[in-house]
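Novice: For reference, the chains in residue letters:
Protein chains: 2
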Amino acid sequence: MHLLSDILGRPAADIDTPALVIDLDAMERNLIAMAAFAAQHRVKLRPHAKMHKSATIAKLQMAHGAVGVCVQKTSEAEALAALGVNNIYISNEVVSPYKLKRVAALARELEALGGQLAIAVDSPEGLRRLAQAVHGQRGVIRVFIEIDVGHGRCGLAPGVAAVPLAAEITRHSALKFGGLQAYHGRAQHFRSAADRRESIAQVIAHVEATKAALQSAGFQVPLVTGAGTGTFSLEAASGVYGELQAGSYLFMDRDYAGNEPDPAQPIFEHALFVKSQVMSVSTSHAVVDAGHKSHAIDSGLPAVHGLALEYANGGDEHGIVRGAVLPALGDTVWLIPGHCDPTVNLHDHLLGVRGGLTHGTVEQIIRVDARGALS
Amino acid sequence: MHLLSDILGRPAADIDTPALVIDLDAMERNLIAMAAFAAQHRVKLRPHAKMHKSATIAKLQMAHGAVGVCVQKTSEAEALAALGVNNIYISNEVVSPYKLKRVAALARELEALGGQLAIAVDSPEGLRRLAQAVHGQRGVIRVFIEIDVGHGRCGLAPGVAAVPLAAEITRHSALKFGGLQAYHGRAQHFRSAADRRESIAQVIAHVEATKAALQSAGFQVPLVTGAGTGTFSLEAASGVYGELQAGSYLFMDRDYAGNEPDPAQPIFEHALFVKSQVMSVSTSHAVVDAGHKSHAIDSGLPAVHGLALEYANGGDEHGIVRGAVLPALGDTVWLIPGHCDPTVNLHDHLLGVRGGLTHGTVEQIIRVDARGALS
Numbered sequence: 009m010h011l012l013s014d015i016l017g018r019p020a021a022d023i024d025t026p027a028l029v030i031d032l033d034a035m036e037r038n039l040i041a042m043a044a045f046a047a048q049h050r051v052k053l054r055p056h057a058k059m060h061k062s063a064t065i066a067k068l069q070m071a072h073g074a075v076g077v078c079v080q081k082t083s084e085a086e087a088l089a090a091l092g093v094n095n096i097y098i099s100n101e102v103v104s105p106y107k108l109k110r111v112a113a114l115a116r117e118l119e120a121l122g123g124q125l126a127i128a129v130d131s132p133e134g135l136r137r138l139a140q141a142v143h144g145q146r147g148v149i150r151v152f153i154e155i156d157v158g159h160g161r162c163g164l165a166p167g168v169a170a171v172p173l174a175a176e177i178t179r180h181s182a183l184k185f186g187g188l189q190a191y192h193g194r195a196q197h198f199r200s201a202a203d204r205r206e207s208i209a210q211v212i213a214h215v216e217a218t219k220a221a222l223q224s225a226g227f228q229v230p231l232v233t234g235a236g237t238g239t240f241s242l243e244a245a246s247g248v249y250g251e252l253q254a255g256s257y258l259f260m261d262r263d264y265a266g267n268e269p270d271p272a273q274p275i276f277e278h279a280l281f282v283k284s285q286v287m288s289v290s291t292s293h294a295v296v297d298a299g300h301k302s303h304a305i306d307s308g309l310p311a312v313h314g315l316a317l318e319y320a321n322g323g324d325e326h327g328i329v330r331g332a333v334l335p336a337l338g339d340t341v342w343l344i345p346g347h348c349d350p351t352v353n354l355h356d357h358l359l360g361v362r363g364g365l366t367h368g369t370v371e372q373i374i375r376v377d378a379r380g381a382l383s
Numbered sequence: 009m010h011l012l013s014d015i016l017g018r019p020a021a022d023i024d025t026p027a028l029v030i031d032l033d034a035m036e037r038n039l040i041a042m043a044a045f046a047a048q049h050r051v052k053l054r055p056h057a058k059m060h061k062s063a064t065i066a067k068l069q070m071a072h073g074a075v076g077v078c079v080q081k082t083s084e085a086e087a088l089a090a091l092g093v094n095n096i097y098i099s100n101e102v103v104s105p106y107k108l109k110r111v112a113a114l115a116r117e118l119e120a121l122g123g124q125l126a127i128a129v130d131s132p133e134g135l136r137r138l139a140q141a142v143h144g145q146r147g148v149i150r151v152f153i154e155i156d157v158g159h160g161r162c163g164l165a166p167g168v169a170a171v172p173l174a175a176e177i178t179r180h181s182a183l184k185f186g187g188l189q190a191y192h193g194r195a196q197h198f199r200s201a202a203d204r205r206e207s208i209a210q211v212i213a214h215v216e217a218t219k220a221a222l223q224s225a226g227f228q229v230p231l232v233t234g235a236g237t238g239t240f241s242l243e244a245a246s247g248v249y250g251e252l253q254a255g256s257y258l259f260m261d262r263d264y265a266g267n268e269p270d271p272a273q274p275i276f277e278h279a280l281f282v283k284s285q286v287m288s289v290s291t292s293h294a295v296v297d298a299g300h301k302s303h304a305i306d307s308g309l310p311a312v313h314g315l316a317l318e319y320a321n322g323g324d325e326h327g328i329v330r331g332a333v334l335p336a337l338g339d340t341v342w343l344i345p346g347h348c349d350p351t352v353n354l355h356d357h358l359l360g361v362r363g364g365l366t367h368g369t370v371e372q373i374i375r376v377d378a379r380g381a382l383s
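Going line by line, the protein sequences match chains A and B. Counting with our numbering, you get residues 9 to 383 for the letters of the first sequence. Counting with our numbering, you get residues 9 to 383 for the letters of the second sequence.
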């Protein structure tokens with residue numbers, strides 16, 4: 009039988025396909041560029057681990073200055089905490105009593121690891137349920153009030169609506185008002201830098217209005233947290249945001265690479281690739297063995313790396329590539345996924361290659377610890 | 009800690025969200041309807057296990073008359089064989105020597121289980137590699153020649169191109185010419201029944217031309233295999249197809265339900281649902297905790313089951329529902345996925361509910377054994 013670990017130390021050329029591969033050199037340059045940006049702009053970095061879902065990578069980010077990580081799901085937090093990641097913010101609402109019991113247990117677990125749990129709320133009922141679940145618990149969970157700064161998903165309306173929630177948080181000894189969660193997801197992907205600037209200017213105005221309302225009511229706002237890979241330089245320059253949640257910068261994807269660059273942001277390299285193989289060739293096209301069970305297509309199809317080929321959707325298990333010069337049967341085709349987060353979630357492991365995709369060596373097998381952690 | 013098995017015997021209302029749930033009663037009605045159809049039309053049924061990726065369900069289908077199952081990937085075949093599924097057809101090309109060694113081992117394994125392996129080829133080079141991998145091996149692998157009957161993906165051109173391949177297959181004692189693989193995937197989803205009829209008429213003409221070319225050259229065609237949930241009644245009525253590969257009929261999805269019904273086909277019920285929970289409510293919409301990490305959106309967004317709500321994409325972890333009457337925080341919303349195959353592939357387990365989604369009981373936990381089996 010074949011063992012996954014057999015691939016360690018072998019050439020990248022030997023990786024069976026399809027497989028999700030990290031260019032470790034590129035990833036580390038992205039890691040360092042982002043850490044330097046945060047340090048220079050004196051903002052905290054709390055990368056979103058929903059992107060990589062890996063305790064190994066979360067710890068690497070924390071070793072490079074990140075204060076902790078964000079997750080979207082209770083089960084993601086559990087998977088990372090079980091492997092020693094001790095500072096986790098569930099930047100999302102949790103309202104099921106069953107899950108909130110687990111949130112309470114997680115808070116104790118992270119505290120035992122010397123860290124802390126944080127969570128978002130956007131409703132009095134959600135807060136009531138959270139408070140009930142942690143009632144009488146020692147230690148403190150930081151609670152962020154989520155406001156809808158333009159995305160149109162979760163979050164209270166900006167302004168005074170946050171005040172009664174902040175007041176209620178202070179009534180519970182196991183909870184502490186952490187500040188505001190303010191993230192405009194759609195703005196990350198506006199192609200034009202001007203559109204992103206305009207959109208984040210509105211975001212910042214919403215945050216400032218909410219902060220002012222809270223301050224008028226006597227509540228200090230310890231921290232505003234948010235921002236993604238498309239806009240973080242704008243939030244960092246705002247003077248209002250104290251923490252950035254960008255995640256995709258580490259791997260990058262075709263979608264983010266399609267944004268008009270913002271000169272204030274570092275340039276990140278593609279570090280995430282799907283290795284695929286040509287399994288069929290006709291006169292008009294070649295077929296590779298990677299379809300949308302290998303890479304997510306919600307934000308568009310993958311790009312072909314280093315070859316003048318266009319990838320077309322071939323279904324769950326196939327990709328169709330076309331171009332003036334077609335690859336031959338058995339050839340390797342490297343794909344740059346459209347969207348890194350849900351692509352990583354399709355795989356159990358990332359294979360870390362050192363020394364380039366073509367001539368490099370498999371140095372590391374990184375488990376996607378929270379793969380499929382949906383709940 | 010919470011155990012998955014804790015949910016067995018408990019009300020469906022207690023299932024943590026998001027979760028993939030099977031309505032077992034509906035699934036069994038689909039199972040029986042399809043088995044009856046195949047028996048009545050005297051065609052073999054070899055459902056595609058790429059849809060469910062579960063040995064439990066493969067065995068259930070075989071207990072209801074299926075001759076075996078199809079898969080698309082070597083690793084899917086390995087996962088199912090390891091759990092005792094003994095008759096597997098890899099209805100797809102495999103060209104990597106590393107994988108072909110595994111194919112050879114699989115053939116021995118299935119034979120030891122009293123069954124048999126089959127595989128598709130569409131090129132002389134692919135066949136050469138297969139023959140090399142199984143050279144000297146006892147037992148016989150059935151080899152199907154794939155022809156492109158209109159999908160425009162893998163497969164030889166219909167007609168004489170199959171002849172040299174059939175001739176070459178007969179030169180290898182470990183291989184046996186199984187017949188033709190002829191599947192038009194896109195035609196399954198043509199909305200109009202007339203368009204599907206027209207398309208499959210062309211498919212059948214291609215198959216007949218290829219069969220005639222092979223017969224003229226002295227090669228009998230033991231079997232023609234193909235067809236999917238959108239068109240199988242047409243292939244069944246053709247007199248040319250001897251085996252149907254439909255898979256989605258068992259669970260159904262929103263996409264297939266959008267087809268204009270063909271009166272010659274049984275009507276299948278939705279048996280696959282994502283259970284989600286409302287985690288945030290605003291004046292304009294509610295947000296559920298299931299996004300496209302919980303269900304595939306390649307063939308469209310999910311439908312909301314039983315409520316007058318429209319689901320809009322809320323990203324990886326969220327869904328936005330709108331309607332005249334919004335659900336309340338904490339409410340359950342059942343979703344019907346757009347496409348069953350890649351949705352199942354996102355989950356480790358299917359929870360089988362008996363007695364209806366609302367008042368039923370969790371009777372079974374079905375492992376998605378080949379989840380993530382991409383290679």
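If you are wondering where the hints come from, they were derived from the structure by calculation, not from laboratory data. If you're wondering where the values come from, they're calculated on a predicted model, not measured in any experiment. You may find that some hints are simply not true.
Put simply, identical chains are the same to the list, so a pair is met inside one copy or across any two.
With a straight-line Cα cutoff of 25 Å, these simulated SDA-like cross-link-like pairs (lysine to any residue) come out [stated by the list, open to error]:
no.: 1; residue 1: Lys52; residue 2: Ala139
no.: 2; residue 1: Lys52; residue 2: Arg362
no.: 3; residue 1: Lys109; residue 2: Asp22
no.: 4; residue 1: Lys109; residue 2: Asp339
no.: 5; residue 1: Lys67; residue 2: Thr178
no.: 6; residue 1: Lys67; residue 2: Ala139
no.: 7; residue 1: Lys67; residue 2: Leu334
no.: 8; residue 1: Lys67; residue 2: Gly158
no.: 9; residue 1: Lys52; residue 2: Gly144
no.: 10; residue 1: Lys67; residue 2: Ala175
no.: 11; residue 1: Lys67; residue 2: Arg330
no.: 12; residue 1: Lys109; residue 2: Arg18
no.: 13; residue 1: Lys67; residue 2: His159
no.: 14; residue 1: Lys109; residue 2: Gln145
no.: 15; residue 1: Lys184; residue 2: Gly364
no.: 16; residue 1: Lys52; residue 2: Pro132
no.: 17; residue 1: Lys109; residue 2: Arg194
no.: 18; residue 1: Lys52; residue 2: Glu119
Novice: State for each hint whether it applies.
Specialist: Each hint tested on the structure:
In this assembly of identical chains, the alpha carbons of Lys52 and Ala139 never lie at most 25 Å apart, being 27 Å within a copy and 59 Å across copies at closest. In the homo-oligomer, the alpha carbons of Lys52 and Arg362 never lie at most 25 Å apart, since the shortest distance is 29 Å inside one protomer and 50 Å across protomers. In this assembly of identical chains, Lys109 and Asp22 lie within 25 Å of each other by CA distance solely across copies; the values are 14 Å between and 46 Å within a copy. Taking the shortest alpha-carbon separations for Lys109 and Asp339, only the inter-copy value of 18 Å comes in at or below 25 Å, while the best intra-copy value is 51 Å.
In this assembly of identical chains, the alpha carbons of Lys67 and Thr178 never lie at most 25 Å apart, being 32 Å within a copy and 57 Å across copies at closest. Proximity of Lys67 and Ala139 under a CA criterion of 25 Å is satisfied in neither setting, with 30 Å inside one chain copy and 47 Å between copies. Taking the shortest alpha-carbon separations for Lys67 and Leu334, neither the intra-copy value of 42 Å nor the inter-copy value of 41 Å comes in at or below 25 Å. With identical chains, the CA atoms of Lys67 and Gly158 are never at most 25 Å apart, being 32 Å at best within one copy and 50 Å at best between copies.
Proximity of Lys52 and Gly144 under a CA criterion of 25 Å is satisfied in neither setting, with 31 Å inside one chain copy and 63 Å between copies. For the homomeric pair Lys67 and Ala175, neither the shortest alpha-carbon distance inside one copy (35 Å) nor that between copies (58 Å) is at most 25 Å. Proximity of Lys67 and Arg330 under a CA criterion of 25 Å is satisfied in neither setting, with 41 Å inside one chain copy and 39 Å between copies. In this assembly of identical chains, the alpha carbons of Lys109 and Arg18 lie at most 25 Å apart only when taken from different copies (19 Å versus 45 Å within one copy).
For a Cα distance limit of 25 Å, the shortest separation of Lys67 from His159 qualifies neither inside one copy, at 30 Å, nor across copies, at 46 Å. Within a single copy, Lys109 and Gln145 get their C-alpha atoms as close as 11 Å, which meets the 25 Å cut-off; across copies the closest is 57 Å, which misses it. Taking the shortest alpha-carbon separations for Lys184 and Gly364, neither the intra-copy value of 47 Å nor the inter-copy value of 42 Å comes in at or below 25 Å. Taking the shortest Cα distances, Lys52 and Pro132 never come within 25 Å of each other, neither inside one copy (28 Å) nor across copies (58 Å).
In this homomeric assembly, Lys109 and Arg194 never come within 25 Å of each other (Cα to Cα): the closest approach is 32 Å inside a single copy and 47 Å across copies. Proximity of Lys52 and Glu119 under a CA criterion of 25 Å is satisfied intra-copy only: 20 Å inside one chain copy versus 60 Å between copies.
In this structure, the earlier hints numbered 1, 2, 5, 6, 7, 8, 9, 10, 11, 13, 15, 16 and 17 are contradicted, and the remaining ones agree with it.
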